[in-house]
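Enquirer: This is what each chain is made of:
There are 2 protein chains.
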Amino acid sequence: MTEHSLWRFSRALHRALSERRPEDLADLLDEDVDWAIYGPIDMFPFLGARRGKAAVLDVVGQIADNFQVRKFERETVMLGVDSAASMMRYSLTAVDSNKPISLRIAHFVRFRAGRLLSMRVLLDSFDLVEQTLGRAIHLPKMVAS
Amino acid sequence: MTEHSLWRFSRALHRALSERRPEDLADLLDEDVDWAIYGPIDMFPFLGARRGKAAVLDVVGQIADNFQVRKFERETVMLGVDSAASMMRYSLTAVDSNKPISLRIAHFVRFRAGRLLSMRVLLDSFDLVEQTLGRAIHLPKMVAS
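Protein chains in written order, with the numbering used here: chain A, 1 to 145; chain B, 1 to 145.
Any given hint could turn out to be false.
Some chain A residues near chain B, calculated using beta-carbon distances under 7 Å [unchecked claim]:
#1 M88
#2 Y90
#3 I101
#4 L103
#5 A106
#6 F108
#7 D124
#8 L139
Straight-line Cα separation of at most 30 Å, BS3-like style, residue types lysine-lysine; simulated pairs [said to hold, decoys possible]:
#9 B:K141 <-> A:K141
#10 A:K99 <-> A:K141
#11 B:K99 <-> A:K71
#12 B:K141 <-> A:K99
#13 B:K53 <-> B:K71
#14 A:K71 <-> A:K53
#15 A:K99 <-> A:K71
#16 B:K141 <-> A:K71
#17 B:K71 <-> A:K71
#18 B:K141 <-> A:K53
#19 A:K141 <-> B:K71
#20 B:K99 <-> B:K71
#21 B:K141 <-> B:K99
Note that these hints are calculated values from the structure, not bench results. The beta-carbon is built from N, C-alpha and C at its ideal position, and this holds for glycine as well.
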């Protein structure tokens with residue numbers, strides 16, 4: 001039984017991030033890869049949607065420039081034939097400020113011929129903003145009467 | 001082949017929300033259900049973690065009091081034997097302000113004997129905050145040099 005594409009991709013992605021060598025991911029990306037990490041792109045220009053291998057390699061490089069992954073833990077994983085979904089917890093360091101950031105993310109991925117074809121990531125973006133700012137944003141309480 | 005627990009639970013949850021009858025969900029919740037929707041609980045007190053059937057029924061009632069589901073679309077779904085994960089898009093109305101809110105969420109669920117045992121939900125919480133406020137929050141741009 002061959003290894004699921006998720007594991008190979010995950011190892012390569014984390015190595016590319018830690019060594020700041022996005023180009024090492026090239027062989028694991030479909031030419032037409034569809035990539036999206038939902039979140040506030042005004043603050044984090046490396047979030048948002050990207051299409052195609054070159055754009056994804058570029059954005060992986062930007063993420064590596066901004067965050068160091070200290071550790072990650074996969075809380076839940078579901079594997080399909082050519083797809084996977086996980087809920088993960090990351091401990092990051094913001095490179096700019098040296099601040100520790102703790103982040104939960106959910107990702108849904110699809111592969112074609114062992115290469116990443118599609119990735120969708122959701123994260124608790126408000127929490128990420130507050131941790132990056134290093135302060136709470138005051139919010140009104142919303143409760144319908 | 002019997003229907004996956006996800007579909008029965010999803011129908012019941014959406015009906016309970018639209019009819020504001022959380023108690024109708026009681027039979028589909030494990031006594032010890034573990035529930036979490038990650039997001040800013042200062043603004044949305046019905047987000048966060050809940051444990052046990054009574055606490056979950058209570059919080060479903062609070063969600064129903066605050067949001068109406070206009071429609072939802074399941075973009076991705078993965079089914080395991082007693083588990084499931086989906087990425088979904090919701091069109092909601094905030095009951096208090098009558099504002100339309102469009103929200104992408106990811107959920108990971110587990111069932112035991114057909115009842116919900118665990119649910120973890122991630123959403124683009126910054127986007128939810130801005131849509132609820134009805135204005136943008138100014139953010140500095142974070143780019144490491």
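Enquirer: Does each hint fit the structure? Answer for all of them.
Expert: To see whether the hints hold, each was checked on the structure:
{"no.": "1", "hint": "M88", "result": "violated (10 Å)"}
{"no.": "2", "hint": "Y90", "result": "violated (13 Å)"}
{"no.": "3", "hint": "I101", "result": "violated (11 Å)"}
{"no.": "4", "hint": "L103", "result": "violated (10 Å)"}
{"no.": "5", "hint": "A106", "result": "holds (4 Å)"}
{"no.": "6", "hint": "F108", "result": "holds (5 Å)"}
{"no.": "7", "hint": "D124", "result": "holds (5 Å)"}
{"no.": "8", "hint": "L139", "result": "holds (4 Å)"}
{"no.": "9", "hint": "B:K141 <-> A:K141", "result": "holds (27 Å)"}
{"no.": "10", "hint": "A:K99 <-> A:K141", "result": "holds (28 Å)"}
{"no.": "11", "hint": "B:K99 <-> A:K71", "result": "violated (40 Å)"}
{"no.": "12", "hint": "B:K141 <-> A:K99", "result": "holds (16 Å)"}
{"no.": "13", "hint": "B:K53 <-> B:K71", "result": "holds (26 Å)"}
{"no.": "14", "hint": "A:K71 <-> A:K53", "result": "holds (26 Å)"}
{"no.": "15", "hint": "A:K99 <-> A:K71", "result": "holds (14 Å)"}
{"no.": "16", "hint": "B:K141 <-> A:K71", "result": "holds (25 Å)"}
{"no.": "17", "hint": "B:K71 <-> A:K71", "result": "violated (38 Å)"}
{"no.": "18", "hint": "B:K141 <-> A:K53", "result": "holds (25 Å)"}
{"no.": "19", "hint": "A:K141 <-> B:K71", "result": "holds (25 Å)"}
{"no.": "20", "hint": "B:K99 <-> B:K71", "result": "holds (14 Å)"}
{"no.": "21", "hint": "B:K141 <-> B:K99", "result": "holds (28 Å)"}
Checked against the numbered hints above, the structure violates hints 1, 2, 3, 4, 11, 17; every other hint is satisfied.
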